[in-house]
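2 protein chains.
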Amino acid sequence: MDKDFGGFKNILIIGLGLIGGSIAVSLKSSGYRGKIYGFDLSSERVKKAVELQAVDEAYTQLEDIPWDEIDLVILATPVKTFEEIAKKIKPFLRKDTVVTDVGSVKGSLVEKIQNILSPVKFIGAHPIAGTEKEGIENAVVGLFKGKKLILTIDREDESTKRLEKFWTDLGAKVEVMDPHTHDFVFASVSHLPHAVAFALVDALIELSKETGIDLFLYPGAGFKDFTRIAASSPTVWKDIFIENKDNVVHTIERFIQSMEKLKEYIQKEDEDNLIRILSESREKRLSLD
Amino acid sequence: MDKDFGGFKNILIIGLGLIGGSIAVSLKSSGYRGKIYGFDLSSERVKKAVELQAVDEAYTQLEDIPWDEIDLVILATPVKTFEEIAKKIKPFLRKDTVVTDVGSVKGSLVEKIQNILSPVKFIGAHPIAGTEKEGIENAVVGLFKGKKLILTIDREDESTKRLEKFWTDLGAKVEVMDPHTHDFVFASVSHLPHAVAFALVDALIELSKETGIDLFLYPGAGFKDFTRIAASSPTVWKDIFIENKDNVVHTIERFIQSMEKLKEYIQKEDEDNLIRILSESREKRLSLD
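Order-wise, the sequence lines are chains A and B. The opening residue of the first sequence carries number 1 in UniProt numbering; numbering runs sequentially from there. The opening residue of the second sequence carries number 1 in UniProt numbering; numbering runs sequentially from there.
Among the hints, erroneous ones may be present.
[Claimed, not checked] Derived lysine-lysine pairs resembling DSS-like cross-links, with alpha carbons at most 30 Å apart: (1) B/Lys145 with A/Lys224; (2) B/Lys145 with A/Lys268; (3) B/Lys90 with B/Lys9.
[To be verified] The calculated label-pair distances, taken between Cβ atoms and stated as ranges, are: (4) A/Glu269 with B/Glu175: 24 to 32 Å; (5) A/Glu57 with B/Asn273: 37 to 45 Å; (6) B/Lys145 with A/Asp214: 23 to 31 Å; (7) A/Glu111 with B/Lys268: 19 to 27 Å; (8) A/Leu41 with B/Ser279: 18 to 26 Å.
Calculated directly from the structure, the hints in this document are not laboratory data. Even glycine gets a Cβ: it sits at the ideal position worked out from N, Cα and C.
All chains should be modelled from the sequences, with the hints used to inform the complete structure.
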């Protein structure tokens with residue numbers, strides 16, 4: 001089927017950061033013909049987005065946006081801001097405009113936004129793509145190509161099919177998941193690893209203080225790979241951890257149990273159990289490549 | 001100064017795995033003119049090493065090695081085997097042959113090996129290089145180029161200067177450290193991150209079992225980078241964890257404290273402390289690039 005991006009003629013991206021910017025530049029390079037409008041509270045980011053020709057027009061005032069032209073609104077701000085933004089944009093929205101997001105946390109937040117925007121349709125979406133960088137100046141053309149995109153919906157309808165087509169035309173592989181399962185899965189495979197990376201660097205800071213040896217002078221290649229994600233945005237991750245608190249805390253507790261188990265095997269020099277746990281981890285990890 | 005590899009005319013590498021093999025192929029490609037002999041208990045590895053022309057001759061029996069020709073012996077087997085190997089090779093060694101290693105654990109092991117081999121000189125060395133792969137077939141030419149190499153010595157003498165020249169000529173950047181400091185530093189920057197990676201994959205296996213959701217179907221890029229080192233050799237890592245037990249256990253405990261601290265901040269939605277700890281980790285991590 002031809003690329004029609006779900007038939008959404010003009011698009012508004014709220015939040016001109018790395019993800020919002022990458023959607024814009026990827027749309028342009030994929031042959032999207034509609035207009036791309038941008039909104040951001042920062043006039044600097046708005047200026048940059050226009051200069052980079054990522055968007056056709058960009059605004060810092062909601063009143064200035066040509067709302068009647070807009071078929072699809074994408075929230076690309078931190079998840080924490082969704083509720084407030086939903087309340088503010090509601091009076092402007094056409095009833096048949098579709099609103100979606102690209103946030104990493106869904107769960108009850110999706111229902112909350114749906115209730116605020118109703119009867120306007122809100123569809124939760126989460127592209128599994130990104131870098132540890134920030135800002136529209138680091139936007140990547142084709143960021144979503146070959147990457148998973150999770151639509152957190154209970155059932156398909158015309159709007160969800162259109163949004164699926166939109167993301168498929170951007171190269172993403174769309175999967176459907178209910179919002180609560182989504183939050184558990186991404187607590188495990190994304191939020192927990194980020195928490196672990198932050199904690200690992202913190203532990204090395206503390207160990208350096210304790211001994212007076214600057215451990216950061218000896219970063220092996222493994223350590224660098226391992227903690228790359230510790231360079232991710234503190235604000236974004238603080239919000240994600242808090243928004244998905246219950247799942248994140250549960251997975252951290254489960255991880256600490258694994259860490260304690262490994263520590264115990266090392267302390268007891270329990271070679272059989274060490275080999276078993278290390279081999280199981282190795283096999284699982286190799287199966288990902 | 002010209003490359004003379006410390007004047008060691010012929011070399012014996014004991015253990016024809018990834019590191020031993022990479023030393024051999026890197027020597028050959030760097031213009032080393034002496035003979036490179038290899039030893040391994042496995043006749044298959046010996047055969048492969050000769051086929052790949054990594055070594056000139058290789059043996060499975062210590063008696064067959066032309067010991068009188070050998071100026072430098074490099075132990076490139078798991079650290080666990082050093083003591084036994086030292087005892088077995090001692091009767092064959094010339095008094096002026098230098099013995100060294102490439103193991104990740106030093107500490108009291110270095111003194112032990114020095115005592116066994118005395119009056120033959122043993123110098124502990126640890127190249128900070130490697131991959132998660134195993135086997136001489138994955139040997140890398142230039143693996144040590146630009147990488148740190150730690151000589152765990154108390155003071156310099158003629159032999160340590162020759163070994164320093166050997167590694168410098170292979171492209172390594174040589175640093176000197178006492179063996180106990182070495183073990184604490186590498187527990188922190190290498191052994192702990194490996195333990196964390198293994199435990200993280202283990203936690204995801206357990207969380208998958210608990211919920212019936214195969215979490216390994218959703219590996220984000222961060223998770224993949226993060227756990228790459230969990231694919232490292234279980235035998236090698238079991239040995240390292242046990243040989244460096246006290247330091248590894250201490251750093252794991254320190255890391256669990258950091259993890260608990262982060263968990264508490266998330267549970268309490270303590271935004272200020274979250275931002276602080278995440279920002280500190282981010283800055284430290286960025287300073288490595």
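Structure-based check of each hint:
In summary, the hint linking B/Lys145 to A/Lys224 is supported, as the alpha carbons are separated by about 18 Å, within the 30 Å threshold. Distance check on the hinted pair: B/Lys145 and A/Lys268 sit about 38 Å apart at the alpha-carbon level, beyond 30 Å; violated. At roughly 20 Å between alpha-carbon atoms, B/Lys90 and B/Lys9 fall within 30 Å of each other, so this suggested pair holds. Between A/Glu269 and B/Glu175 the Cβ separation comes to about 30 Å, which falls inside the hinted range of 24 to 32 Å.
At roughly 40 Å, the beta carbons of A/Glu57 and B/Asn273 sit within the given window of 37 to 45 Å. Distance hint check for B/Lys145 and A/Asp214: the Cβ-Cβ separation is about 24 Å, which falls inside the suggested range of 23 to 31 Å. As the Cβ distance of A/Glu111 to B/Lys268 is approximately 25 Å, the hint placing it in 19 to 27 Å holds. Separated by about 21 Å at the C-beta atoms, A/Leu41 and B/Ser279 satisfy the suggested range of 18 to 26 Å.
Checked against the numbered hints listed earlier, the structure breaks hint 2 alone; every other hint is satisfied.
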